[in-house]
Amino acid sequence: MWRQTKTIAGFTALEARRGRLLRLMAATLLAAFLLSEIAAAASVTESNAIRLAFLASTLRVAAVFVVAAFIAGSIAREQADKGSEMVLSLPLPRHVYYLGKLAGFAVIAVVIVVLYALLVALHSPFTQALLWAASLLCELLIIVAFTLLCSFTFAQVPVVLSAVAAFYLLSRTMEAIRLMSRGPLVDATEPSSRLIAAIVDGIAYALPDLGRFTPTDWLVYQSGGIGELVGIAAQTTIYVTLLVAAGLFDLYRRNF
Amino acid sequence: MGARERSIAAVPLSVAAVLPLALAAQLYWHHRLPAPSASATELAAPPPRPVLEVAAAGDRTSFAKVLMLRLQAFDNQPGISIPFRALDYSRVIAWLGAILRLDERAAYPLLAAARLYGEVPEPAKQRMMLEFVHEEFLKDPNRRWPWMAHAVFVARHRLHDMPLALRYADALATHVTDTRVPSWVTQMNIFVRVDMGETEAAKVLLGGLLESGRVTDPAERRFLMRRLEELERSGGK
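As given, the protein sequences belong to chains R and H, one line each in that order. Its first residue numbered 13, the first sequence is counted upward by one per residue in our numbering. Its first residue numbered 94, the second sequence is counted upward by one per residue in our numbering.
With the rest of the complex left out, here is chain R (with noise of 0.2 Å):
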């Protein structure tokens, strides 16, 4: 199982290098590099603080970006060809197959994490550098796992994509979406106050708290520890497995 699973994985990550993956990359680093570099320029002080913010938040989310985009076209490609019911028609359990499809992506995000941590780690402590890009990695696994479920779902490219949008931005912004539900503003003896407080409560319960992964303070103030990592570790692997179970449920389910 595991030589199988390893020969799809290593298509998968072949399709990025023949899909020019590696170009769009190189894209969005001298992308973020430049728009680091001209903040940096034009800030009075904290020029290096600056750089670091604009190069980290641009990074994360090109990473998010094109991780998504990629497997969204991939596997919608692949099943516009007929290619996963090729290769589901061999002697092979769907669980292999979708388990190497992942396995080929986190590659992706692997190689996207070190690329992009190399130029960031030129402007901060490496420890620093190494922590923020552990964190980068956790939080594309979230996003590799959770973009291959909706892409089996959806098929659509541009549905999956909404999908990946929507569950990003809600889970980064879902802390401040719960402290809004109960804020200054709010009636908390209204009935319907309570009510939509308990549905945002019931949302974020169902949700990585994204909120927490990566912050671009470990960089521009030093302040990141291995005990932080450990806990996003922990709810990357907690959140990864549940959504490959939610993917494999759907996909023995699914007559192609």
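It cannot be assumed that every hint is accurate.
Here are some chain H residues pointing at chain R (derived, C-beta under 8 Å) [claimed, not checked]:
| no. | residue |
| --- | --- |
| 1 | V104 |
| 2 | P105 |
| 3 | A118 |
| 4 | L136 |
| 5 | A137 |
| 6 | V144 |
Quick caveat, the hints were computed from the structure, so don't treat them as lab data. By construction, the Cβ of each residue, glycine as well, lies at the ideal position given by its N, Cα and C atoms.
Place chain H on chain R using the hints.
Positioned in the frame of chain R, the structure of chain H alone reads:
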């Protein structure tokens, strides 16, 4: 069951077992996280102008509007409410100035300065905001006079600082040249002088205004003449 779906029995037991277990783990993990706590975020200084220009992505007007709403909502951060007077006013002014540089025709930053941030019960902060309005007024008097007129009102009735009110009223009289601007705007300095007891100076100004022919409306001329007569009757007291 739809034609595209197989029975749940087609799902291997291991997958069917992992799904609820992983969901339970996620719920437990979320449950043990500390509850979100509200903390006031300090208003940061605005980025340099070139950075704002790049961030506007070619649409400076829209970006300025978004920044203005963000600044105005800064008092109500998630889960916490901060009084305007608790804000760092030098930074608020820096943001208002930056927004005006992006959208020079915008009235919102000056309105916010005069009527929102300028009405907090802290004289020092009110003065800072009025001074900002005055500086910006001088850059485009014929467009920005309404906020300067409001600054006269705040200086006169809120701060009870008549010399400051007079300085702003004089600025209106000196710099506003557009004939479409209501004449009361350029006459404010006369009435502030009357309130200050400088009736002689007020008489001279009022007489000069009537002589100049700038006041053409008959009713307005009658009103001003009556005020001039009252001043003369009071004998400059």
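| task | Return the numbers of the hints above that this structure violates; sort them in rising order. | result | Hints 4 and 5 contradicted; others consistent.
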